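Keeping their order, the protein sequence lines are chains L and A. The first sequence lines up with residues 1 to 333 when you count with this note's numbering. The second sequence lines up with residues 334 to 658 when you count with this note's numbering.
Derived by calculation from the structure, the hints in this document are not laboratory data. Just so you know, these numbers come straight off a predicted model, no measurement behind them. Wrong hints could be hidden among the right ones.
[To be verified] Below 30 Å or equal to it, Euclidean Cα-Cα: the simulated DSBU-like pairs (lysine-lysine) are:
id	chain 1	residue 1	chain 2	residue 2
1	A	K526	L	K202
2	A	K636	L	K187
3	L	K187	A	K652
[What the hints assert, rightly or not] Listed next, with one range per pair, are the computed distances between beta-carbon atoms:
id	chain 1	residue 1	chain 2	residue 2	range
4	L	P39	A	G392	25 to 35 Å
5	L	P39	A	D434	26 to 36 Å
6	L	R294	A	G528	49 to 59 Å
7	A	D541	L	M141	42 to 52 Å
8	A	S431	L	A50	42 to 52 Å
9	L	A307	A	Q437	51 to 61 Å
10	A	M509	L	N36	49 to 59 Å
11	A	K554	L	L127	17 to 27 Å
12	L	Q162	A	S513	26 to 36 Å
13	L	Y33	A	D657	23 to 33 Å
14	L	R119	A	V360	33 to 43 Å
The beta carbon of each residue, even a glycine, is placed where N, CA and C say it ideally should be.
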Amino acid sequence: MSTVINDNVRDADVLPERIKHFPFPFSGDFYRYSANVEPSRKEVPTEAGAWGGRLLHIDEHYLAELKDRDEVLDRDPSRLQVLPHMRPAVWDAICTLLPALAEEYPDIVSFTREGNVCRWRNSLQNLDVEFTVGDDSSLPMGPLRFLGSQIQDDLVFLDHRQDALWLDAGVVTFAADWSVGFDVGMKFLEVHHPVPRVKEEKIVSRAEQFLMRLQPGEQYRRTNWTLTIDRRLDTSTETYPNWAHDRTTIADDPALPDRLHLRVEIQHMIRLPHSGAVLFMIRSYLLPLRDIARVPAWRENMGRVLAELPDDMAEYKGIIHYRKAASDWLLAN
Amino acid sequence: MTATALQTKVQQVVEGTLQLEVTNVSVQTDSITSITFGDPLGEVLPCYVPGSHLVVQYGSGANAYSLTGSGSAPTEYSISVLRVDGGSGGSLAMHALSVGDRVQVSHPRSAFAPAATAKHHLLIAAGIGITPVLSHARYAAEWGASASLIYVHRPGTGAHVAEARELLGSGLTECMDRGSFQEVLTRRLTTQKLGTHLYVCGPTAFMDSVLEQARDLGWPKGLLHSEAFSGAALDDGEPFAVNLARSGVKLDVPAGVSLLETLENAGLSVPNMCRKGICGECSVPVLRGKPLHRDLYLTDQEKEDNTAMMCCVSRSLDKELELDL
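Isolated chain A, as found in the complex (with noise of 0.2 Å):
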């Protein structure tokens, strides 16, 4: 087969994102179902870097799922997804596929990069939290790159086990239940040979109160890596307002409704893609006033220049904001 060439789209909410096929789906856990996605055609499809997630598509809306592989050369895009019953709907329509359906799924998104320089890569993973952690082990070791996984999950629900296992050999350590996991992380957060990066996916308690450990014990903030966007909903947020000036137009955004489905009321059309604020699609141009930042996309940097926006999911700390709209 032909390896795909470089791909050219570029921030192209329509043509930048990938028509797929459902080619498996297989049942992991009572709760986690792996889906595969292929191109209709068998094309190799473009090549992602470990750690990556893909936004797929579904009904009206769209989720961040993490590949499972490690991103060389795929002919398919694996994810795992554990079925939420009261959530948005994602993880069931996800649940629903069945091999042949035809998906839209955006090309891979970099967040969640192993460091090249590590000398030793600590990944730590609980639930469903195991699947950007797997694409790291198998990138490990294509590359011969020393690699060690804790990995929580409770006695039979555990995602990708056997995988894990193969993988990692030894440098595997299961837990299922807090306590030896508490015992298991303290030993290896104070034992780790200088060079050493922690990747840690999970609930966000759970991502917090690892990171935090690892702090107080000195560790750096860029040895630290976390994937955030298994975050838990936010919350509805305080009323605003926005003055467009280009438009002239004064738009109130009440709580528990987001600003970008607040111009879209008004009849404007912002290109958006993921309204998660991971895809950086609906960035706006900010004039005045301080936006309450809640996407993952900008920098700290950029977050504090207040000069723009992901209108999906930020709102705003003061009552009004100024848009170059």
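Next up, chain L with everything else stripped away, as it sits in the complex (with noise of 0.2 Å):
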């Protein structure tokens, strides 16, 4: 039994970064759809490590998401989506989040402010950008695009009205399996209208009282997951004849392990403190099974989710073709 512990102990010292931070969801043997909200930025430890003493991440894979973002724009601008009235809450996430970056990374970027001219830095985009909140015209990519590129995070802004909240804006680049040029201009209710089982189980609307009741300033964040095949982080609608068939095959593909990913999002909810939108930030982390199974309470935890979890939920998930093998694979080591 001994041996056992100091192997896995051993093993962790070695685990590489992606595993090490990698927020794996699961803590128990089942999971069910929840309001799982808490204060954001409380670290959380993990079998291999830790996350979330952050509300920004900078890992590894900076520059490449980035860079894949910025190709997704290009290919499909309705990625981004700014209805004419959320144009303050854009410049408001911009002088929140660039700020909140440069606390957390100083030694990568940094920001300053004079009335409403800012200087942003930042020293692995090689960048020395001065901009006036409130024109548009002083980022020349728009403001909006230009936080998409300083940040891994995807960004939704919800208005606040009439007792309820409006997707109005949002740059998204690496949905999984929804469209924000889609959803742009529906309600928070309509928007989730498709998840099984939220609706009888009132949690979306007591998800959107929750954040109509945040204050200014104030941030939380939860977690969701699913599958994702290969390290493809633009699973959108629009990019649905991509990557849907693959969905179909994987269960036979003896390279499952490798190919398959389990897909966090690590979100968060923050009330914008000068316009008072909402700002949903989505955040996606991608880890092979293979790693998974690196960290054996994580491989036994994800092998009986996935064995528990219902067909209704699966089927909402795209991944009950394959999660029967998923499962069999991490449980059978």
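Using the hints, build the complex out of the two chains.
As structure tokens, this is what we get:
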């Protein structure tokens, strides 16, 4: 028994960063939807390390993911949406998130502001720009695209009016099978309409109530998860033909443990301090089953969760064709 | 200067407050004084949503006051306070402040925000009610939004008149008496384009009258906004009893004494801050019975659910309430 523990410890010491900081989402042997919100920036220890100490996280994929986002936006500009009344909210997000990133990574980026004139330096991108809050032309690519070029998170902006939240802006290049171009202008409840179970359980309306009560400056987070084949961040509805077919063949693919990834979203919810809009941030992490299996507790947890997950939830997550193969592989090791 | 990071403290009565210093006091009128607070170290203060208020603590109490700036990267917070000689003492305490005094204030709280989708902002203020709508007017000017203001004040007693004139130009209509205001109001309420939002702040009777006329003229509820906390003092209410299920204690709440005070007198500690039904800190869970909700914090839906009440102001419709305390 003690040998096993020692092996674990030794293995944890040599685990790569991608595993150590991975936000493994399961704490038990089954999973159901819940409004699992908690205050942000609280570090959560895992069997392999820890995650969540920061609002924004720069990891080894920073430049690659931002390049990926840039290419997606060039190919399909509809992934960025800003209804005209959300302009102040976008600027508010810039003036909120860039200073937050600078505070968390002072060696990499810096932000200063004098009146409405801001200066932003990013040493990873060799970037040194000056812009004026409220003046869209001071950021040639546009304020929201600029913000999306500095952080790995997808961003969704919700306007609070008529006792409801409305999805009125966003830059979402790494959606897990949804489309910001389709959802823009919808109510929060309408956006979540397709999710099974949550209507009956009133989870979405409770989540909306919670978000509407957020006071400016408050920030919370939750996690969500699905499975993704290959290290593919862009699994938007728009690119469905490129990735959906793999879901029917992966179960028989001997490369399943390397191709199939657990995809975890850390979702931050912030009430922007000046515009009062609710900002929903989605940061996606991908880790192949092969890496999951290097942490014995994760391997077992995830194997059991996949085996137990009710069919309607597995269907909605798009994993019903191969979740058994994944579970079998995890539990057989 | 470096902008402040996001505020991470949430709902914590002591840690969530700011220690600020009075940096300026200026007399607006015979009875209204503007007070400006800044960070003692000169740091930028948290941004706020236009129309927000600040809960300022004084002696044994705390009062909510509207912030008059736009809320964009503020280096200072300004409030304007009407002296009320027969009041609970808050306004006198504010008027007694001088430069260099330290005060404890809440983070700004938003309860009277501008509608982002409004095609036009119709602002209506009477007397000291100018303060939150001035904040709206500044924000509208900064973002190029369309706004107009009807400001009712007696000659020589209006605060911030010069600023309102500068911000709004021909969009400002000043009314010095009830008759001329009524005329202007009727005209404005009947000639707005689709998408105008109305914001009103002033004495309770004034706000009620404006809102009622707007509704009677067919304005949808979603376009009407009022700043409610300047309301008059609540009445003493009827006596009732509370049964504390977890501690097995029964307490009587006499008329004129709040449930919060009753709980405190019995040695229970309930987190609280404004003690006026605004901040939401003193929420207590209700197991049985119908509370008489008098707070401004819970939503209508939450009030109907009757599962929580703000014990600082709310009382009971039933003779007895059972609380999860």
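Here is how each hint holds up against the structure:
1. K526/A with K202/L: Not satisfied, since the Cα-Cα distance of roughly 37 Å exceeds 30 Å.
2. K636/A with K187/L: Answer holds: K636/A to K187/L is near 23 Å, not above 30 Å.
3. K187/L with K652/A: Given pair K187/L, K652/A is violated - Cα atoms ~41 Å apart, limit 30 Å.
4. P39/L with G392/A: 25 to 35 Å: 32 Å, holds
5. P39/L with D434/A: 26 to 36 Å: 33 Å, holds
6. R294/L with G528/A: 49 to 59 Å: For R294/L and G528/A the Cβ distance comes to about 57 Å; the hint holds.
7. D541/A with M141/L: 42 to 52 Å: Holds - the Cβ-Cβ distance for D541/A and M141/L, about 50 Å, lies within 42 to 52 Å.
8. S431/A with A50/L: 42 to 52 Å: 49 Å, holds
9. A307/L with Q437/A: 51 to 61 Å: Cβ of A307/L to Cβ of Q437/A: about 55 Å, so the range 51 to 61 Å holds.
10. M509/A with N36/L: 49 to 59 Å: 57 Å, holds
11. K554/A with L127/L: 17 to 27 Å: Check failed, 47 Å falls outside 17 to 27 Å.
12. Q162/L with S513/A: 26 to 36 Å: Hint holds: Cβ distance 33 Å, inside 26 to 36 Å.
13. Y33/L with D657/A: 23 to 33 Å: 26 Å, holds
14. R119/L with V360/A: 33 to 43 Å: 39 Å, holds
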